[in-house]
Amino acid sequence: MDAKYVVPLHAQTVLNNSEPSETIINKLHMNVNYLKSRHIGLADEDRKAMLQVIHAESVDQLLDQTMPKGIRLQEPLDLDAPLTEQEHLDSMTAMAEKNLPFKSLIGRGWYGTIMPAVIQRNVMENPVWYTSYTPYQAEVSQGRLEALFTFQTMISDLTGLPLANCSLLDEATAAAEAVTMMRNLRSRDQVKAGVCKVFVDKKIFPNTLSVLKTRAAGQGIELVIGDYRLAMGMQSTEYFGALIQCPNADGAIEDYEAFIDNCHAAGLKVTVIADPMA
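The sequence shown begins at 48 in the numbering used here and counts up one residue at a time.
For the record, the hints were derived by calculation from the structure and aren't laboratory data. Do not take every clue at face value.
[What the hints assert, rightly or not] For each label pair, taking beta carbons as the anchor points, the in silico distance ranges come out as:
#1 Leu216 with Gly298: 21 to 27 Å
#2 Ala299 with Glu144: 52 to 58 Å
#3 Ile118 with Ala96: 27 to 33 Å
#4 Ala128 with Ala299: 49 to 55 Å
#5 Glu269 with Gln121: 53 to 59 Å
[To be verified] Result set (DSS-like, lysine-lysine): computed pairs, CA atoms no more than 27 Å apart in a straight line:
#6 Lys250 with Lys260
#7 Lys150 with Lys116
#8 Lys250 with Lys239
#9 Lys260 with Lys249
#10 Lys116 with Lys95
#11 Lys150 with Lys244
Here a beta-carbon is modelled for each residue, glycine too, at the ideal position from N, C-alpha and C.
Construct the complete structure from the given sequences, taking the supplied hints into account.
Given below as structure tokens:
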């Protein structure tokens with residue numbers, strides 16, 4: 048029998064694995080359709096009481112009084128017949144089984160990775176973090192914060208960095224914030240000299256570059272886009288920082304050590320957009 052149907056030892060009903068799940072559930076006398084009564088709409092008694100308070104005879108009359116007819120549909124929606132919760136789950140399962148998984152060749156951050164079982168079970172599948180603790184607020188809001196805190200703590204441990212922050216929206220936003228931070232950390236001489244250039248390697252992701260351009264325009268930051276291998280002679284009199292990516296938009300893992308050393312020697316700060324899973 049399919050593993051998703053757990054039959055108690057005392058059950059005397061003989062089940063056929065080829066039968067629809069709805070038939071199997073009916074044989075077991077299981078009530079699995081709680082969703083409608085608990086979550087969908089009001090009971091008839093509640094609806095009548097509310098209409099009586101607002102002096103309306105029906106919901107249709109209430110709509111006629113409150114919603115202009117010009118924005119209302121003139122005929123009912125053409126919807127399929129309603130399904131029970133289990134029928135809907137079976138339908139979605141059958142639809143998902145039609146998917147054909149292929150190897151992704153998009154690149155640019157969309158890489159196949161192996162998720163360690165301990166992270167999958169204790170972070171992504173931890174029911175403590177995504178079940179509701181009140182009827183109106185899902186625990187996932189708190190669980191996400193704890194997952195972020197755990198992740199940034201791990202990054203700090205692995206890299207030896209004294210500070211890590213992973214609560215930004217996405218990689219492109221984080222890159223833009225890093226450029227702003229490097230600008231704000233300019234030396235006094237750089238500020239007096241009006242240094243506002245940042246070097247950006249041409250092999251960063253296009254979506255990241257788009258966000259950088261938007262943010263830089265509003266802060267008076269000039270982006271100089273080029274090949275990092277040809278930008279070894281930058282000086283703090285012109286630039287306050289540099290931005291590189293690993294793996295880059297071509298999927299290549301470059302050796303940036305010499306470039307970073309030259310930047311630091313010239314008084315520039317460097318931001319690396321890195322994928323730790325690489």
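Comparing the hints with the structure gives:
1. Leu216 with Gly298: 21 to 27 Å: 24 Å, holds
2. Ala299 with Glu144: 52 to 58 Å: 37 Å, violated
3. Ile118 with Ala96: 27 to 33 Å: 28 Å, holds
4. Ala128 with Ala299: 49 to 55 Å: 54 Å, holds
5. Glu269 with Gln121: 53 to 59 Å: 57 Å Cβ-Cβ, so the 53 to 59 Å window holds.
6. Lys250 with Lys260: Holds, because 15 Å separates the two Cα atoms, which is no more than 27 Å.
7. Lys150 with Lys116: Violated, because 51 Å separates the two Cα atoms, which is more than 27 Å.
8. Lys250 with Lys239: 31 Å, violated
9. Lys260 with Lys249: 13 Å, holds
10. Lys116 with Lys95: 24 Å, holds
11. Lys150 with Lys244: 40 Å, violated
Figure legend: structure checked against the earlier numbered hints; hints not met, in rising order: 2, 7, 8 and 11.
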